[in-house]
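Got chain E sorted already, so can you dock chain A onto it with the hints?
Given next are the chains, with one letter for each unit.
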Amino acid sequence: MQTTILLITLVLMAGVLTLILRTVRATDGPAPSQTVNRTRSWLIWAMIAGGVIISVASLREWPHADAGGDALVVNVTSGQWWWDTDTTEIPLGQQVEFRVTTEDVNHGLGIYDPDMRLVAQVQAMPEYINKLVHTFDEPGTYQILCMEFCGIAHHDMTYEFDVVEAN
Amino acid sequence: MTTASIGNETAIASTQAPVVKLTMLLSGVVFLLMMVFGLIMRAAQGGLIELDPEFFYLLLTAHGAGMVGSAALSGAAILWYFSARYLDLRGGIYLGFLGLFLLGVVLILGSIFVGGYGGAWTFLFPLPALSGGLWEAGAAVAFCLGYVAIGVGFLLYYLELGLKISARYRGLLGGLGWRYLFGGSDADLPPPTIIAASSVLVFNTIGIVFGAAVLAASIVNLLFPSFAVDPLLAKNAIYFFGHVFINATIYMAITAVYEILPTYTGRPWKTTRVFVGAWAAVVIFVQAVYFHHLLQDVNMPAWTLAVGQIVSYASGIPLIGVTVFSLAVYIKGSGLKWDLPVSLLTLGVIGWGVGVIPAIVDGMVAVNKLMHNTQWVPGHFHTYLLLGEVAMAFGFAAWLVRDAARQTMSGLDKLVFRAYVLGGAGFTLIFLWSGASSIPRRWAVHYEDWQFQSQLASVFALVVILATTVLVLRYAIGLLRRSP
Numbered sequence: 001m002q003t004t005i006l007l008i009t010l011v012l013m014a015g016v017l018t019l020i021l022r023t024v025r026a027t028d029g030p031a032p033s034q035t036v037n038r039t040r041s042w043l044i045w046a047m048i049a050g051g052v053i054i055s056v057a058s059l060r061e062w063p064h065a066d067a068g069g070d071a072l073v074v075n076v077t078s079g080q081w082w083w084d085t086d087t088t089e090i091p092l093g094q095q096v097e098f099r100v101t102t103e104d105v106n107h108g109l110g111i112y113d114p115d116m117r118l119v120a121q122v123q124a125m126p127e128y129i130n131k132l133v134h135t136f137d138e139p140g141t142y143q144i145l146c147m148e149f150c151g152i153a154h155h156d157m158t159y160e161f162d163v164v165e166a167n
Numbered sequence: 001m002t003t004a005s006i007g008n009e010t011a012i013a014s015t016q017a018p019v020v021k022l023t024m025l026l027s028g029v030v031f032l033l034m035m036v037f038g039l040i041m042r043a044a045q046g047g048l049i050e051l052d053p054e055f056f057y058l059l060l061t062a063h064g065a066g067m068v069g070s071a072a073l074s075g076a077a078i079l080w081y082f083s084a085r086y087l088d089l090r091g092g093i094y095l096g097f098l099g100l101f102l103l104g105v106v107l108i109l110g111s112i113f114v115g116g117y118g119g120a121w122t123f124l125f126p127l128p129a130l131s132g133g134l135w136e137a138g139a140a141v142a143f144c145l146g147y148v149a150i151g152v153g154f155l156l157y158y159l160e161l162g163l164k165i166s167a168r169y170r171g172l173l174g175g176l177g178w179r180y181l182f183g184g185s186d187a188d189l190p191p192p193t194i195i196a197a198s199s200v201l202v203f204n205t206i207g208i209v210f211g212a213a214v215l216a217a218s219i220v221n222l223l224f225p226s227f228a229v230d231p232l233l234a235k236n237a238i239y240f241f242g243h244v245f246i247n248a249t250i251y252m253a254i255t256a257v258y259e260i261l262p263t264y265t266g267r268p269w270k271t272t273r274v275f276v277g278a279w280a281a282v283v284i285f286v287q288a289v290y291f292h293h294l295l296q297d298v299n300m301p302a303w304t305l306a307v308g309q310i311v312s313y314a315s316g317i318p319l320i321g322v323t324v325f326s327l328a329v330y331i332k333g334s335g336l337k338w339d340l341p342v343s344l345l346t347l348g349v350i351g352w353g354v355g356v357i358p359a360i361v362d363g364m365v366a367v368n369k370l371m372h373n374t375q376w377v378p379g380h381f382h383t384y385l386l387l388g389e390v391a392m393a394f395g396f397a398a399w400l401v402r403d404a405a406r407q408t409m410s411g412l413d414k415l416v417f418r419a420y421v422l423g424g425a426g427f428t429l430i431f432l433w434s435g436a437s438s439i440p441r442r443w444a445v446h447y448e449d450w451q452f453q454s455q456l457a458s459v460f461a462l463v464v465i466l467a468t469t470v471l472v473l474r475y476a477i478g479l480l481r482r483s484p
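Sequences listed follow chains E and A, in order. Heads up: the first sequence is residues 1 to 167, going by our numbering. Heads up: the second sequence is residues 1 to 484, going by our numbering.
Among the hints, erroneous ones may be present.
Simulated crosslink set (DMTMM-like; lysine to aspartate or glutamate; CA at most 25 Å straight-line) [what the hints assert, rightly or not]:
hint, chain 1, residue 1, chain 2, residue 2
1, A, K270, E, D28
2, A, K414, E, D28
3, E, K131, E, E103
4, E, K131, E, E97
5, E, K131, E, D70
6, A, K337, E, D28
7, E, K131, E, D156
8, E, K131, E, D84
9, A, K270, A, D188
10, E, K131, E, E160
11, A, K270, A, E448
12, E, K131, A, D230
Keep in mind the hints are simulated off the structure, nothing from the lab.
Bound-form chain E, shown alone (with noise of 0.2 Å):
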């Protein structure tokens, strides 16, 4: 997932620079044409159109989805510089209610699958249960890493768990 995100910004960013380029390396050449104010109207109502069109694609169904009925629910504390959850296996394929908390300052759960690839995150926040729902569909030793800047020993806040197939 993140590669095609990765390829598709950069897609972006070459169209952009491309076009932005050839105009600007143009000094010597003709000037704009009357018709430039309708073309800037044109790339203006098309940016809003692709707006609208990407808000309702990647919104309609939310990304922060509720757990259902039959979700497993783990509780995960964190604290300057450690993590501890309820259970250390969680079953394949079975939705998970992550109710993430911590004890003093702001951090970040962050879950990486066994190829050290961030599958999910949620902020752990003093005061506050944040919920993060995912199901595995890989097995494997997972592991969770601080992803908010907490303290001088943030890069050792790390944890493990295994995801098994269900009995």
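Same frame as chain E, now just chain A:
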């Protein structure tokens, strides 16, 4: 340029230009120093040097605060310089602003390198009070007071701008151009620089007030720990302030493009209805968009997160559809002769326009779940700062000391410009690649699998630093040559 503005130019040159030039030198030196801090951090992450994590996080804090501070300082100098073409600004106010700014710098540097404060430039509540033994409360208080001093300086600066704009353009609405936009009257229509100045002073004043409130709460919490603040409320205030403040730096610096580019193209940057409308949108968007920093704070109302995503995208429309598009139109077929100042200024707009794309992508809730607080984030903001605001600042500085008789780039200028672009682009692209590889940001120690990207980034950082060193030296030598 009108006769009146040329007259004002003379007045600026005789009174306020020296202190603005000094400000740009100060900004340039601090930019360079902070880049060196950045290189040290990337080299440490790449395993190229040994660095104590404690010192890494001190450098991280200094790098963040120092870069934001120098961007703000250079942006403020640029805006002041060009606003003074149209307004009778008092030099004493600028000196007061600069004095408070320097006081803030002393407090911040002292808190970091003497007091050991390493809570990052974002001072996310309640981290300043819970250091895990790394620093005492006094160091965190000094850090916060440093911000307060800088904020007060900026409020003074904006008060002067606001008073003079209101007096000259019949109120702030006149300065914003909203009377023209909504009332249709184009009498006494302000130039683009004044529209920008009015807009920035409105949103950045609001941002600084929120920042001051949360800083005051943090200071009281540090001194009297029983005084508690809601962490989510504090987070909202901090990100609102931080987002608005860093964005204001670019919106101040863009006035250099409005004022300098026409001297190369012969085409004045015009105040049109589209231009005023775009700035009106910016005033709203730059404030409403801060929710995109909280997309993983699921206790926020869902509508705020949706607003964060939608406004992130919308913010790109005035930038690409108006500013970048106008730049291209003004340059195309103008016969412009490229020299170092105009090349850097143009780079600044392009870097800003291109850099907003990964920011918009990360502003989507679903994408943010995979990219938030990875190196994707420094990837996008380094693009529109290093290749945006900072490029504009160096372009303005180069213009201040330009040789008007020479209209081309020397061999050294070409080399420096290309090195800056190549180094900057490589450096920022590696951040994006690292973000897509799920490497978290702000980690002092990187796993072995992540180190290659940091090593490569260090090489590009070194190239940027070498180019910047020449830019700063070139500017300093230019100042010395022009001093009486």
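Mind checking the alpha carbons of K337 (chain A) and D28 (chain E) for me, to see if they're no more than 25 Å apart? 9 Å, holds
Agreement of K131 (chain E) and D70 (chain E) with the hint, judged by alpha carbon distance not exceeding 25 Å: 15 Å, holds
message: With the threshold set at 25 Å, check whether the alpha-carbon distance from K131 (chain E) to E97 (chain E) stays at or below it.
response: Distance of about 6 Å is within 25 Å: holds.
**Prompt:** When you check the alpha-carbon spacing of K131 (chain E) and D156 (chain E), does it fall within 25 Å?
**Reply:** 23 Å, holds
Does K131 (chain E) pair with D84 (chain E) here, judged by a C-alpha cut-off of 25 Å? This hinted pair holds, its Cα atoms lying about 15 Å apart.
query: Straight-line Cα separation of K131 (chain E) and D230 (chain A) no greater than 25 Å?
result: 19 Å, holds
Margin query: Tell me if the straight-line CA distance from K270 (chain A) to E448 (chain A) falls inside 25 Å.
Written below: 53 Å, violated
### Query
Taken at face value, is the distance from the CA of D28 (chain E) to the CA of K270 (chain A) at most 25 Å?
22 Å, holds
Q.
Checking one constraint from the list: CA of K131 (chain E) to CA of E160 (chain E), max 25 Å. Satisfied?
A. At roughly 19 Å apart (the allowed maximum being 25 Å), E160 (chain E) and K131 (chain E) satisfy the hint.
*Sort out whether D188 (chain A) lies within 25 Å of K270 (chain A), counting only the CA atoms.*
14 Å, holds
>> Check whether the Cα positions of K414 (chain A) and D28 (chain E) lie no farther apart than 25 Å.
In response: Holds, at roughly 20 Å.
**Item:** Satisfaction of hint between E103 (chain E) and K131 (chain E), Cα-Cα up to 25 Å
**Value:** Distance of about 16 Å is within 25 Å: holds.
When each numbered hint is compared with the structure, a violation occurs for hint 11 only.
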